[in-house]
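Protein chains: 2
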Amino acid sequence: MTLQIDSKTIERAAERINAYVHKTPVISSENINSITGAQVFFKCENLQKAGAFKTRGAVNAVFSLSKEELGNGVCTHSSGNHAAALARAASLRNTKAYVVMPDNSSKVKIAAVKNYNGEITFCTPNLASREKTLKAIREKTGATEIHPYNDLRIIAGQATAAKEFFGQIKQLDIVMAPVGGGGLLSGTALSTHFFSPETKVIAAEPKGADDAFRSFYSSNFVPSENPRTIADGLLTSLGSLTFPIIQKYVNSILTVSEESIVEAMKLIWERTKLIVEPSSAVPLAAILENKKGFFQKRVGIIISGGNVDLDNLPWNPALAQP
Amino acid sequence: MTLQIDSKTIERAAERINAYVHKTPVISSENINSITGAQVFFKCENLQKAGAFKTRGAVNAVFSLSKEELGNGVCTHSSGNHAAALARAASLRNTKAYVVMPDNSSKVKIAAVKNYNGEITFCTPNLASREKTLKAIREKTGATEIHPYNDLRIIAGQATAAKEFFGQIKQLDIVMAPVGGGGLLSGTALSTHFFSPETKVIAAEPKGADDAFRSFYSSNFVPSENPRTIADGLLTSLGSLTFPIIQKYVNSILTVSEESIVEAMKLIWERTKLIVEPSSAVPLAAILENKKGFFQKRVGIIISGGNVDLDNLPWNPALAQP
Chain A
9 MTLQIDSKTI ERAAERINAY VHKTPVISSE NINSITGAQV FFKCENLQKA GAFKTRGAVN
69 AVFSLSKEEL GNGVCTHSSG NHAAALARAA SLRNTKAYVV MPDNSSKVKI AAVKNYNGEI
129 TFCTPNLASR EKTLKAIREK TGATEIHPYN DLRIIAGQAT AAKEFFGQIK QLDIVMAPVG
189 GGGLLSGTAL STHFFSPETK VIAAEPKGAD DAFRSFYSSN FVPSENPRTI ADGLLTSLGS
249 LTFPIIQKYV NSILTVSEES IVEAMKLIWE RTKLIVEPSS AVPLAAILEN KKGFFQKRVG
309 IIISGGNVDL DNLPWNPALA QP
Chain B
9 MTLQIDSKTI ERAAERINAY VHKTPVISSE NINSITGAQV FFKCENLQKA GAFKTRGAVN
69 AVFSLSKEEL GNGVCTHSSG NHAAALARAA SLRNTKAYVV MPDNSSKVKI AAVKNYNGEI
129 TFCTPNLASR EKTLKAIREK TGATEIHPYN DLRIIAGQAT AAKEFFGQIK QLDIVMAPVG
189 GGGLLSGTAL STHFFSPETK VIAAEPKGAD DAFRSFYSSN FVPSENPRTI ADGLLTSLGS
249 LTFPIIQKYV NSILTVSEES IVEAMKLIWE RTKLIVEPSS AVPLAAILEN KKGFFQKRVG
309 IIISGGNVDL DNLPWNPALA QP
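Line by line, the protein sequences give chains A and B.
To convert, count from 1 in the first sequence and add 8; that's our numbering.
To convert, count from 1 in the second sequence and add 8; that's our numbering.
Everything labelled a hint here was simulated from the structure, so no lab data went into it.
As the structure is a prediction and not an experimental result, all values here were calculated from the model.
It cannot be assumed that every hint is accurate.
The list treats identical chains as one, so a pair stands whether inside a single copy or across any two.
Said to hold, decoys possible - Only pairs whose alpha carbons sit at most 25 Å apart, straight line, appear in this in silico PhoX-like list of lysine-lysine:
{"hint": "1", "residue 1": "Lys215", "residue 2": "Lys75"}
{"hint": "2", "residue 1": "Lys274", "residue 2": "Lys122"}
{"hint": "3", "residue 1": "Lys104", "residue 2": "Lys178"}
{"hint": "4", "residue 1": "Lys256", "residue 2": "Lys148"}
{"hint": "5", "residue 1": "Lys122", "residue 2": "Lys148"}
{"hint": "6", "residue 1": "Lys122", "residue 2": "Lys143"}
{"hint": "7", "residue 1": "Lys115", "residue 2": "Lys104"}
{"hint": "8", "residue 1": "Lys256", "residue 2": "Lys75"}
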């Protein structure tokens, strides 16, 4: 692997996005510390613009493009936060965002894309349909594609969250992120390597969508097939760019049960008064399932986002998702 | 009325509690600003210790007591946040807190009191039973009573929230607080008078519990009788200390429908990713119902607390409260 992101790339990304993203706060809860036995710091990317860390990568990518590249707009396929983040970033540069979304995307995420004037095309919820639909749009509009995670500008943008985190909280023993396509995780691992090399990187993944776990420990790419988890941000497979970075710079990947994810999510809501989406609760779930390994450690968790359908919360049995 | 709280009283309260409370952040949402037409700043007392502004008053009161006064502990009756805040404050001074709670208090609030080692006695949910039960406990234990709001130390403590707010956000045209017993509102009104006299104080109250509204505009104390609102922190009547302060220093009181409270609460959850309790949403509900009066104003809202039963959210029809 030729590493194409160095510390300067991430520093430049941080400068590039600075005016368009929040420096998100870090919070902690005595109660969660006492339950886990660890000292846990939450980096609140749920309070980021458009409600997720995805804003960092999308802004970095869109603001890296020349006026010519932007002329016909940008496009992507995404069921979730990247779609809204890209629509927002495009509107900041007065260009169009064409977004392919599976027709089972959550109402909240569709509304967010519309809110930023993204132009949505719905497709059947599978990768083949997403790619085919996107290809047609790209050919028709000439828009520049910005992949949700398998793009070095996106990875460098996501890396700024961990870089910022290390500036806020010193001497973290461990930094944790959930893993779906691996954009946040690979960025976090790179920033840790460059800016806090003594910190370990531990990823967390739902057992029902454990392609990264299986890829990581077999050293062979394993695609995500029929993933089943309420952590709807973590359904995708690793990418050709994210997987090698994760293999090289991540220390370990832990998988967790759905029950632990719901428990951790509710714990964060109750104790911190912050709304986090299921994907964001996966790292705390991993701590709850492996307390010994985190005992008395200073652990930083990147809370990935806060875009939740409030009418369908996983602990309300009457309304739980199928 | 002899005013017994001056600016020095509030400044001393702020110093007294400083080490034991959070300086809570102020947040805003472009989206809420665009919906309301106002520029709204939320003072996040839901992120306060024990999840509510009540911590300020309770700490100020308990830390105002001498060792002798504390020797037999403190006691109160409260269905809600004051109970947990007092239990926490007592534990900080290594003394006991005896709390009389109605037997229909929410699980979450009972758990919070227990979490801080408060000793709970349950009573029938009416004022006579609360007072009778508390009297028996006071006589048995010799504990010092700390009333939830009709106490100058409590009022001075709650006043520190607005004082802090004015230090964070300059030139507020209006500051808003919900009103139940009037501890937060009278404290807010006093701090505004002393520290930001150009700011108007507007209170907000549910139509279904509008005793403060009726007292304020008739200039006669009207008790709260059979109040019905999901804003469970606002059921109580004004006190003999809070009412005169409110009469003198509050500019107006607006009442709002239950529907507006639920709409405002959900809006805050969705747009700010912060968990606020129904009482906290009452001021935003008043803005939503009276947009003209707030147009282009800089409005500060004190978010009173974030202690919500997550299993029983008001917008989930299947699980809504009766």
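Inset, instruction - Starting from the hint list further up, note which numbers the structure goes against and sort them upward. - result: Violated hints: 1, 3, 4, 8; rest satisfied.
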